[in-house]
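Engineer: Residue numbers (the working numbering), protein chains in the order written: chain A, 187 to 304; chain B, 187 to 304; chain C, 187 to 304; chain D, 187 to 304.
These are computed hints drawn from the structure, not numbers from a lab. Please note: incorrect hints may appear among the correct ones.
[Claimed, not checked] Pairs of lysine-lysine, BS3-like flavour, derived with a Cα cap of 27 angstroms: (1) C/LYS291 x B/LYS195; (2) A/LYS195 x B/LYS253; (3) C/LYS299 x A/LYS252; (4) C/LYS252 x A/LYS291; (5) C/LYS291 x B/LYS277; (6) C/LYS299 x C/LYS277; (7) D/LYS300 x A/LYS195; (8) A/LYS253 x C/LYS253; (9) A/LYS291 x D/LYS277; (10) D/LYS277 x A/LYS195; (11) D/LYS277 x A/LYS300; (12) C/LYS195 x D/LYS253; (13) D/LYS252 x B/LYS252; (14) A/LYS277 x A/LYS300; (15) C/LYS299 x B/LYS300; (16) C/LYS195 x B/LYS195; (17) A/LYS253 x C/LYS252; (18) B/LYS252 x D/LYS253; (19) A/LYS253 x C/LYS291; (20) C/LYS277 x B/LYS300; (21) A/LYS252 x C/LYS291; (22) D/LYS291 x A/LYS195; (23) D/LYS253 x B/LYS291; (24) A/LYS252 x C/LYS252; (25) B/LYS300 x B/LYS195; (26) C/LYS253 x B/LYS299; (27) C/LYS195 x B/LYS277; (28) C/LYS300 x B/LYS277; (29) A/LYS277 x D/LYS300; (30) D/LYS195 x D/LYS299; (31) A/LYS299 x D/LYS300; (32) C/LYS299 x B/LYS277.
[Stated by the list, open to error] Partner residues aside, some chain D positions facing chain B, computed with beta carbon under 10 angstroms: (33) HIS209; (34) VAL212; (35) GLY213; (36) THR214; (37) GLU251; (38) ASN255; (39) ALA286; (40) GLU289.
Backbone N, C-alpha and C fix where the C-beta goes; we use that ideal spot for every residue, glycine too.
Listed below, chain by chain, are the residues.
Number of protein chains: 4
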Amino acid sequence: MTDINERDKAVFEAGIKLGALYHQFVGTPISLETVDSLERIIEESIALQPHVRSVSVSIDREMVEKKLNPEFNYCELEGRMLDVSLQILYKSTIAQVELAYNEEKDYPLMSIKKIEEM
Amino acid sequence: MTDINERDKAVFEAGIKLGALYHQFVGTPISLETVDSLERIIEESIALQPHVRSVSVSIDREMVEKKLNPEFNYCELEGRMLDVSLQILYKSTIAQVELAYNEEKDYPLMSIKKIEEM
Amino acid sequence: MTDINERDKAVFEAGIKLGALYHQFVGTPISLETVDSLERIIEESIALQPHVRSVSVSIDREMVEKKLNPEFNYCELEGRMLDVSLQILYKSTIAQVELAYNEEKDYPLMSIKKIEEM
Amino acid sequence: MTDINERDKAVFEAGIKLGALYHQFVGTPISLETVDSLERIIEESIALQPHVRSVSVSIDREMVEKKLNPEFNYCELEGRMLDVSLQILYKSTIAQVELAYNEEKDYPLMSIKKIEEM
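Full structure from sequences and hints, please.
Structural biologist: So, in structure tokens, the structure goes:
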């Protein structure tokens, strides 16, 4: 075992934010008219949490459209609709992570893209 | 027992929306900078659901301010911060309900304000 | 407009509980091994809320099985998996409601089944 | 920048689980009678997610008791009531993390406790 370092903490914080975002907002009623403002509020809310340097959320409009209930004309936000890119800055370490739908696994996959010293 | 009528359905739908709104959005990170856009997206999201005629959400800024974590400068949306006024139109019946913090009971109380025929 | 009565309140409370249940628990990781205990805790949690006389939750095991991710062997609770029967007792009025997946509408439908005086 | 390694991934996965758990279950109605089963289902649900080696959830009964609404005799699960210890096993690396209420910061703090090779 080695001591816990900045890099560990940056990556840990990045994981926390993706898990939080996912389980807070999945289930929200959504339509093509509200998708823009929902993207923005998810970004704004997550950006409030400690050590977030930037966060960009994009919701798959094609999936939303396919899932719209024909009678009621809305659906619910699902994890697979989410495309999130997030940077944590912990002291001088930046961890860049993402959440993206993986078609092959049919799973909303969270992964680390890059870790760097500023 | 009597048959289920329009009035019953209007009031039932109104209850559904308040319960949904509460448990979907409570826990969202919030600060004085995001309170406006969070109010709007809650309104927009709930307005998508069936039979909603209007919905108005107001979050208590004083409570948010008091709850802000001094180190991290944000808090989480709590039920007691919510003031919601909602109208359901079911066929020709309007049910107006609200969610408001009741200080005496220390409870976010949901109640029916008015039921009327259009 | 007429005054708000017991019947209105019973039906309103019933709606609140279904909306709450839905948006609190949808998104929970689930497998065939945890479906029983998830049903029980949803029942127990909702039964704590005011005026609940009884609540019975059944999760569609076939749907869960179909949705299991082949690599990770779990999925998430979806609204359409839920079959809920709930009774509110408000003073001497009982409102019985349910949440059930409606295949035709492809929608998790909430409806009033019966309203009666005790 | 260095390549992303097992250790990074173990710590990242650990963060995801804590964030998910928190935002999925906060808001659940709870009383002293349901606290045991709620602890178990949170453990069971999170244990389903990829790479979880073990997870132990303890809810602060004293806080629950203090927060019980005197009229309705229940409250809602809050982040500060949660004490969670979780181990991720990613290939041969174990990351042990926790969520615990930090009184000084008045914040439910998530932290890495240990990282080791099996």
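Engineer: Decide, hint by hint, whether the structure agrees.
Structural biologist: Hint-by-hint comparison with the structure:
| no. | hint | in the structure |
| --- | --- | --- |
| 1 | C/LYS291 x B/LYS195 | holds (18 angstroms) |
| 2 | A/LYS195 x B/LYS253 | holds (26 angstroms) |
| 3 | C/LYS299 x A/LYS252 | violated (31 angstroms) |
| 4 | C/LYS252 x A/LYS291 | holds (15 angstroms) |
| 5 | C/LYS291 x B/LYS277 | holds (19 angstroms) |
| 6 | C/LYS299 x C/LYS277 | holds (19 angstroms) |
| 7 | D/LYS300 x A/LYS195 | holds (12 angstroms) |
| 8 | A/LYS253 x C/LYS253 | holds (16 angstroms) |
| 9 | A/LYS291 x D/LYS277 | holds (19 angstroms) |
| 10 | D/LYS277 x A/LYS195 | holds (20 angstroms) |
| 11 | D/LYS277 x A/LYS300 | holds (20 angstroms) |
| 12 | C/LYS195 x D/LYS253 | holds (26 angstroms) |
| 13 | D/LYS252 x B/LYS252 | holds (20 angstroms) |
| 14 | A/LYS277 x A/LYS300 | holds (16 angstroms) |
| 15 | C/LYS299 x B/LYS300 | holds (23 angstroms) |
| 16 | C/LYS195 x B/LYS195 | holds (12 angstroms) |
| 17 | A/LYS253 x C/LYS252 | holds (18 angstroms) |
| 18 | B/LYS252 x D/LYS253 | holds (18 angstroms) |
| 19 | A/LYS253 x C/LYS291 | holds (12 angstroms) |
| 20 | C/LYS277 x B/LYS300 | holds (20 angstroms) |
| 21 | A/LYS252 x C/LYS291 | holds (15 angstroms) |
| 22 | D/LYS291 x A/LYS195 | holds (18 angstroms) |
| 23 | D/LYS253 x B/LYS291 | holds (12 angstroms) |
| 24 | A/LYS252 x C/LYS252 | holds (20 angstroms) |
| 25 | B/LYS300 x B/LYS195 | holds (14 angstroms) |
| 26 | C/LYS253 x B/LYS299 | violated (42 angstroms) |
| 27 | C/LYS195 x B/LYS277 | holds (20 angstroms) |
| 28 | C/LYS300 x B/LYS277 | holds (20 angstroms) |
| 29 | A/LYS277 x D/LYS300 | holds (20 angstroms) |
| 30 | D/LYS195 x D/LYS299 | holds (16 angstroms) |
| 31 | A/LYS299 x D/LYS300 | holds (23 angstroms) |
| 32 | C/LYS299 x B/LYS277 | holds (19 angstroms) |
| 33 | HIS209 | holds (6 angstroms) |
| 34 | VAL212 | holds (5 angstroms) |
| 35 | GLY213 | holds (5 angstroms) |
| 36 | THR214 | holds (9 angstroms) |
| 37 | GLU251 | violated (15 angstroms) |
| 38 | ASN255 | holds (6 angstroms) |
| 39 | ALA286 | violated (16 angstroms) |
| 40 | GLU289 | violated (13 angstroms) |
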